[in-house]
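Residue numbers (the UniProt record's numbering), protein chains in the order written: chain Y, 1 to 85; chain C, 1 to 195.
It is worth saying that the hints were derived from the structure and are not from the lab.
No residue lacks a Cβ here, since even glycine has one placed at the ideal position from N, Cα and C.
This list has only true hints and no planted wrong ones.
Every beta carbon over 10 Å from chain C, so not counted as near; a handful from chain Y, in silico: (1) Met1; (2) Leu32; (3) Trp64.
FRET-style restraints, in silico, Cβ to Cβ: (4) C:Arg160 / Y:Ile8: 19 to 27 Å; (5) C:Gly122 / Y:Leu67: 33 to 41 Å; (6) Y:Leu71 / C:Leu45: 20 to 28 Å; (7) C:Arg159 / Y:Leu83: 48 to 56 Å; (8) Y:Ala3 / C:Glu124: 43 to 51 Å.
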Amino acid sequence: MSASNTLILCWLGLAALSVTSVQLGNTGATLLMTGAVLLAALGKAWLIADGFMELRHAPRMWRWLLLGWPLALVAGVLLSLALRG
Amino acid sequence: MSTSLEAFASPARRLPGDLAMWFFILAELTVFALLILTFAVAQALQPQLFHASRQLLDSSTGLALTLSLLTSGLFAALALEQVRQARASRAAWLLLAALLSASVYVLLKLGEYSHLAGAGLGIEHNTFFTLYWMLTGFHFVHVLLGLLILGWLAERCRRRAYGPDNCSVMESGVLYWHMVDLVWVLLFPLVYILN
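Chain Y extracted, bound-state conformation:
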């Protein structure tokens, strides 16, 4: 597959996950919904880092640094929600 086609596939995935997130948000405020929306955000961050930023071909340290950023944030948000509950 050409690099351009890969990029277009990444964009389609990003758009689909964005629409799904909003639809999930409209279904109500449950822990499952929150988890699904955050999972979608992680998926989008991965598509941007590995697809658009080309980190899938980068040295592992940089790849995991960038992929660790959304993971840490989602963990922080989940922790804050858990402490509230």
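For this one, chain Y is given, so just place chain C on it according to the hints.
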């Protein structure tokens, strides 16, 4: 002296752009992480207030903002691919498309800011809106800087300044734009969707 990380990487793996840009991106992501986590903690402390305030935002506008940024990111990535194939002229047009798509974001965001300010939901209204204005405002400044970078790159491509063996600056500029996307995809659900 080259600041590329290639010398430290295995031959099969390559970090695009300039190493300095990656350190800049890490620094920016750290600042955004602090702001986003502050928002999350404040939300945990005042859940009712955040729930009620979030209802005043339009998630469909948030979705349109997201799609315009992501589309702009796609055009910028495609432009870089064209430069690598020695098609600088096509790259210039794609960067122009990225600029236009990003301009949609700017117009929508300005409309949202204007609507909120007009409704009295300014930065001092409550904790949610204080953090909303700080977080999205800081991101908005990055988008404006990104517009300048995209415009400058488009002009440089039009003058055929970049080619397959000379595109590190272009890679760095496009990476900055993808960082703006990366921050938004985490910011968007937290501010507009999660209840």
